[in-house]
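Fit chains B and C to the given chain A structure using the hints.
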Amino acid sequence: MSIALVLLAIFSTTFGAIWVAVTPREAKTERNGVVLGASLASAVIVWRLLYLGLYSGVYPAFDLGVASLSLKLALDPLGLTYAVIASTLWVFASVYSLGYMASSHKQRQYFSFFLLSAGTTLGIAFSGNLFTFYLFYELLTFATYPLVVHGSSKEALEAGTRYIKYSLVGASFILAALVMLWRVTGGVLDFESLPSALCAAPSSQAVVIFFLFLIGFGVKAAIMPLHGWLPSAMVAPTPVSALLHAVAVVNAGVFGVLRTVYSVFGVDVVQSMNIQPLLLAICSITILMGSLIALKQDVLKRRLAYSTISQLAYILLGAFILHPLALAGAILHMIFHSTLKIVLFFSAGIVAEETGYVKISELKGVGRVLPLTLGSFGIISLGMVGMLPLSGFWSKYYLMRGSLATDFWILLVVLIISGFLNALYFVPITISAFTGKSDLEPRQKTRALWLMLVPTLILVGLGLVFGLWPGLTLPLVDAVVAQFFSL
Amino acid sequence: MPGAISENLAVLIVVALLSTAYIMPLLTKIGRFRVAEFFAVFMLALALSGGVYLAREILHNGAFTYAVGGWPAPWGIELSLDAVSGLFLITVGLVATPILLYASVDLVQDVGSRSRAAWFLTLFLLLVAALCGLGITGDLFNIYVMVEVATIASCAIVAAQNDATSVEATFKYLMLATIGSGFVLLAIGFLFVLTGNLNMNFIAQELAASWQNYPTALWVSLSFFMVGFGVKSALFPLHVWLPDAHSSAIAPSSAMLSSLAIKGYIIALLKVFYVAVGAEIITRLPITNILAVLGMLAIIAGALFALAQDELKRRLAFSTVSQVGYIFLGIGLGNIQGLTGSFMHILSHAITKALLFLAAGSIIKRTGKTRISEMAGVGFEMPVTLGVFAVGSLSMIGIPLFSGFVSKWQLLLGSLARGNYLSVIVLVGGSLLAAAYLLPVLRTAFFERPVQNPVVTEMAYVQLVAMLFLAVVILMVGVSPGVVLQLAKQAAMTLLGLEVLP
Amino acid sequence: MGELWSRVLQNYPYVFALALFAIGIYTILTHSNLFKKVIGINIMEGSTYILFIAAGNVRGGVAPILDMGDPGLVYVHPLPQALMLTGIVVSVSVTALSLALITKLYRFYGTVDAKEIMKIRSEVRANAGRD
Numbered sequence: 001m002s003i004a005l006v007l008l009a010i011f012s013t014t015f016g017a018i019w020v021a022v023t024p025r026e027a028k029t030e031r032n033g034v035v036l037g038a039s040l041a042s043a044v045i046v047w048r049l050l051y052l053g054l055y056s057g058v059y060p061a062f063d064l065g066v067a068s069l070s071l072k073l074a075l076d077p078l079g080l081t082y083a084v085i086a087s088t089l090w091v092f093a094s095v096y097s098l099g100y101m102a103s104s105h106k107q108r109q110y111f112s113f114f115l116l117s118a119g120t121t122l123g124i125a126f127s128g129n130l131f132t133f134y135l136f137y138e139l140l141t142f143a144t145y146p147l148v149v150h151g152s153s154k155e156a157l158e159a160g161t162r163y164i165k166y167s168l169v170g171a172s173f174i175l176a177a178l179v180m181l182w183r184v185t186g187g188v189l190d191f192e193s194l195p196s197a198l199c200a201a202p203s204s205q206a207v208v209i210f211f212l213f214l215i216g217f218g219v220k221a222a223i224m225p226l227h228g229w230l231p232s233a234m235v236a237p238t239p240v241s242a243l244l245h246a247v248a249v250v251n252a253g254v255f256g257v258l259r260t261v262y263s264v265f266g267v268d269v270v271q272s273m274n275i276q277p278l279l280l281a282i283c284s285i286t287i288l289m290g291s292l293i294a295l296k297q298d299v300l301k302r303r304l305a306y307s308t309i310s311q312l313a314y315i316l317l318g319a320f321i322l323h324p325l326a327l328a329g330a331i332l333h334m335i336f337h338s339t340l341k342i343v344l345f346f347s348a349g350i351v352a353e354e355t356g357y358v359k360i361s362e363l364k365g366v367g368r369v370l371p372l373t374l375g376s377f378g379i380i381s382l383g384m385v386g387m388l389p390l391s392g393f394w395s396k397y398y399l400m401r402g403s404l405a406t407d408f409w410i411l412l413v414v415l416i417i418s419g420f421l422n423a424l425y426f427v428p429i430t431i432s433a434f435t436g437k438s439d440l441e442p443r444q445k446t447r448a449l450w451l452m453l454v455p456t457l458i459l460v461g462l463g464l465v466f467g468l469w470p471g472l473t474l475p476l477v478d479a480v481v482a483q484f485f486s487l
Numbered sequence: 001m002p003g004a005i006s007e008n009l010a011v012l013i014v015v016a017l018l019s020t021a022y023i024m025p026l027l028t029k030i031g032r033f034r035v036a037e038f039f040a041v042f043m044l045a046l047a048l049s050g051g052v053y054l055a056r057e058i059l060h061n062g063a064f065t066y067a068v069g070g071w072p073a074p075w076g077i078e079l080s081l082d083a084v085s086g087l088f089l090i091t092v093g094l095v096a097t098p099i100l101l102y103a104s105v106d107l108v109q110d111v112g113s114r115s116r117a118a119w120f121l122t123l124f125l126l127l128v129a130a131l132c133g134l135g136i137t138g139d140l141f142n143i144y145v146m147v148e149v150a151t152i153a154s155c156a157i158v159a160a161q162n163d164a165t166s167v168e169a170t171f172k173y174l175m176l177a178t179i180g181s182g183f184v185l186l187a188i189g190f191l192f193v194l195t196g197n198l199n200m201n202f203i204a205q206e207l208a209a210s211w212q213n214y215p216t217a218l219w220v221s222l223s224f225f226m227v228g229f230g231v232k233s234a235l236f237p238l239h240v241w242l243p244d245a246h247s248s249a250i251a252p253s254s255a256m257l258s259s260l261a262i263k264g265y266i267i268a269l270l271k272v273f274y275v276a277v278g279a280e281i282i283t284r285l286p287i288t289n290i291l292a293v294l295g296m297l298a299i300i301a302g303a304l305f306a307l308a309q310d311e312l313k314r315r316l317a318f319s320t321v322s323q324v325g326y327i328f329l330g331i332g333l334g335n336i337q338g339l340t341g342s343f344m345h346i347l348s349h350a351i352t353k354a355l356l357f358l359a360a361g362s363i364i365k366r367t368g369k370t371r372i373s374e375m376a377g378v379g380f381e382m383p384v385t386l387g388v389f390a391v392g393s394l395s396m397i398g399i400p401l402f403s404g405f406v407s408k409w410q411l412l413l414g415s416l417a418r419g420n421y422l423s424v425i426v427l428v429g430g431s432l433l434a435a436a437y438l439l440p441v442l443r444t445a446f447f448e449r450p451v452q453n454p455v456v457t458e459m460a461y462v463q464l465v466a467m468l469f470l471a472v473v474i475l476m477v478g479v480s481p482g483v484v485l486q487l488a489k490q491a492a493m494t495l496l497g498l499e500v501l502p
Numbered sequence: 001m002g003e004l005w006s007r008v009l010q011n012y013p014y015v016f017a018l019a020l021f022a023i024g025i026y027t028i029l030t031h032s033n034l035f036k037k038v039i040g041i042n043i044m045e046g047s048t049y050i051l052f053i054a055a056g057n058v059r060g061g062v063a064p065i066l067d068m069g070d071p072g073l074v075y076v077h078p079l080p081q082a083l084m085l086t087g088i089v090v091s092v093s094v095t096a097l098s099l100a101l102i103t104k105l106y107r108f109y110g111t112v113d114a115k116e117i118m119k120i121r122s123e124v125r126a127n128a129g130r131d
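Chains as they are written, first to last, in the working numbering: chain A, 1 to 487; chain B, 1 to 502; chain C, 1 to 131.
One thing to keep in mind: the hints can contain errors.
[Claimed, not checked] Computed spacing ranges between beta-carbons, pair by pair:
no.	chain 1	residue 1	chain 2	residue 2	range
1	C	Tyr-26	B	Pro-286	58 to 64 Å
2	A	Leu-278	B	Gly-429	24 to 30 Å
3	B	Pro-286	C	Gln-10	26 to 32 Å
4	B	Val-456	C	Ser-122	27 to 33 Å
5	B	Arg-114	C	Ile-120	27 to 33 Å
6	C	Ala-126	A	Ser-103	45 to 51 Å
[Unchecked claim] Negatives, chain C to chain B, calculated, CB over 10 Å:
no.	residue
7	Arg-59
8	Val-76
9	Gly-87
Hints are computed from structural coordinates only; laboratory data are not their basis.
For every residue, glycine included, the Cβ atom is placed at its ideal position computed from N, Cα and C.
Isolated chain A, as found in the complex:
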């Protein structure tokens, strides 16, 4: 039963993609219906799987038995977290896309690959061994490339080339690590049995493998200095930037690092390798540098991109502290950052669509024309800074508690400084948008605008709800922490 559900979750969007690809260009209603239906269906199935997992403790695993390196799908709390984030936000992004892309060219291509990437993302989330993970991770690059270059402009093509270069080089590192791991463990690649298989491995080799993985996943997780593709990939249509570069792709990288630390090596092995200070230093540098560079950006989406780079490093930081509280913070930040950042992108997209403004210096007074949009932006950016009553507060709180619980209290300073920097680069945008003068006329609210606004507003609500009742995420976070730490 559950295998059917897992496969259905992955393939419902894939079927949707094929369906979209073969529908005639003119059949808009049918296409839109398929896009919505497919992403909704996979989200519902993923929620159902989550419910089964959390409340009845059913975490099935299946060997698909094809390929010499067997493909294996398995559910666990960590994977489900990522799956739930991605598939839920995909529904919002679908609705938003329907509005944003309403008058765009090559919609069939766009929506096909949009759905295909959704399926691939779920494949990553549900992989039961490293080979399956690598497979879907590599496929994700190819499924998302057409979305990045959708504009077909010279700039978009260059950004796409850069994206694929970074990703493929990263993937080769993973492949090298994979094959070395295979030799060290004698063919064990299952997440379940890997940590124990690696215990006996010589530590010098383990370190090499670890860093190969870190570099490989670090490309998509945009660890500095591997982040170069992310800001330039912002030329993609906004829903793509929102979904791929704040949610699915970058989180795939982060998820890969989490898997490497917790499911491949295991807490004990990583701790015994004595590389924690180095890892934490890399994350801290990325956090601070990302924020500092973000300050200097004038193009809104680029500022958001650098903010993403910095925020992703928070998650990695939490993962590398190797403490239950910090891991809880990392998981919370993965959930909250995605739900918050996507709103910022959505608002930026609405502004760009309605007014044509993409630079922050042009945004003066736009808040009066688009109050709901800029209002959402303002509220959510406070969440990114880490203020109550928004969800962003809680993840930072747990990260700080985690760093205090270990010897790495210095990280507290990093987190606080970065919080200030976040405030510095977010808050002025909102203030000038509402105080400045603009000669823009208020517009008629079209259907397309509503399609973009509604998901944005719902997500703002979600940010507030999680901020006020952070306990809602407790069962999930508990399950993830219990999976890797025996408390």
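Okay, now just chains B and C, sitting in the frame of chain A:
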């Protein structure tokens, strides 16, 4: 009667193909050309099913030998049917059948006239027969004869288009290939002088007993083999003839040459090295190291040359130089995973490169554009062709779920088993370079805006079916390599002289 | 040194074959006249015949036709001779094919000199590039 057929199946495949080859012009003369074409494709399909049947037999009941004409070895010619031959027969059948199917649609138009087309079929079938012969023979002189048949047939196939460029490329090819044959024959002569035998198993026995008495002579003979087969299979730096020859021919010829013809010589080289001389001796001589180094050089240099080409078919031709490097690297690694990887790559590259050349030929034929930079927007005019081109590219790069990954993985394991980290880097870098020279084609075709909008139609259905068939095989091997991988593994074990459990 | 010379002298047919082989390859690679290349091929292949025939030769042996009356007769090895018949056939067909190609090349380029053909080709290519 069925018993007689299955007993003699091995030799029947070659004989049937040879005789079909020679009745092609006759069939065209007395019947219709379509009948001849259909018959040729039918015979290839039969050969394929024969190959599959033999491979099944070999997998289940182990290798066996066949004495041609009833004369036992060492007097008669012996065919040795082991996993190597099984795998190669399947490869030849799987690739040659769709190529001929593809060729059949436009053949008359491509080569000029019906009678020329009939002779093209003859040459094509001769080449296939010679390759099958190379796969199954167990006799050194037989290898030489098959190599020559294959060489002359493939030269003539290159010249089929009858224009200045291809004839010139053919002449260059013929000269170098003949030098190669000279080296091979000389090397065979050396082995004959040393052992007094031409049957590979007998040579192996003889050498195992006494090779220490004349290591230099053996070494000279082996290096002659390496040079001879190296020229013919375009081992870097002996590849100079390949780009011209493979890019100037018509699409089916290029596909056939790049995917299969060079593989036949590699199989011959493997047989000489590992069956006639034996793994025991080969791994003690530095020759495997030389092969590994040349293979790595080929991977990188071929890919860099490919990157520099703007002409699509030349780029694919240089890609062959690079991909052949993978196979030689695997041979050079000399362990079971390395050889398995080589065999898988022989199969996988054959299918993939055939597909890529057919797709490239289709694009060039329909749009008249030979350069990649001119192909903006072609993907929307010929979606199926470019779609299968994408499948081929991904397989060539070695993305999981495509056949190229299976061989790359085995080669990586082989390198690590030898502790050869340099080759790990080269293998990974080689597939990155493959991405660098293949993906721009897709980018230009699918994502760049076309300059103008000429209405170009897709290829004929038969041709699309042929290409789709190859694409499906790539995916099938990639998703579930099971039996094929087992066959490749068994082939590697046979070569290494390890016990093969039926 | 003396030993080496005596071995070389003992095996003079082989040495001769190798030298001829080298001459053949040298001819193919250095001469730009296509006919001379073909002649080079024939020299090269001829050397291999010598190698094989010498390998099958037994000094004082007679043609391998079985003579029941004389059990003490020594025969030469018949196999290499039979093989070289095949070898000759192969080299004749290669020669024929290359001659056919040369006539075609002459028709296309008006010359049988490889260098001039290269020159004409590069000019054609340069013109095509300019268009």
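Right, here's what the structure says about each hint:
1. C/Tyr-26 / B/Pro-286: 58 to 64 Å: Violated - the Cβ-Cβ distance for C/Tyr-26 and B/Pro-286, about 27 Å, lies outside 58 to 64 Å.
2. A/Leu-278 / B/Gly-429: 24 to 30 Å: With a Cβ separation near 26 Å, A/Leu-278 and B/Gly-429 satisfy 24 to 30 Å, so the hint holds.
3. B/Pro-286 / C/Gln-10: 26 to 32 Å: Because 29 Å falls inside the window, the suggested range holds.
4. B/Val-456 / C/Ser-122: 27 to 33 Å: Holds: the Cβ-Cβ distance is about 32 Å, inside 27 to 33 Å.
5. B/Arg-114 / C/Ile-120: 27 to 33 Å: Since the Cβ atoms of B/Arg-114 and C/Ile-120 sit about 32 Å apart, the hinted range of 27 to 33 Å holds.
6. C/Ala-126 / A/Ser-103: 45 to 51 Å: The hint (45 to 51 Å, Cβ to Cβ) holds, given that C/Ala-126 and A/Ser-103 are roughly 48 Å apart.
7. Arg-59: 15 Å, holds
8. Val-76: 13 Å, holds
9. Gly-87: 7 Å, violated
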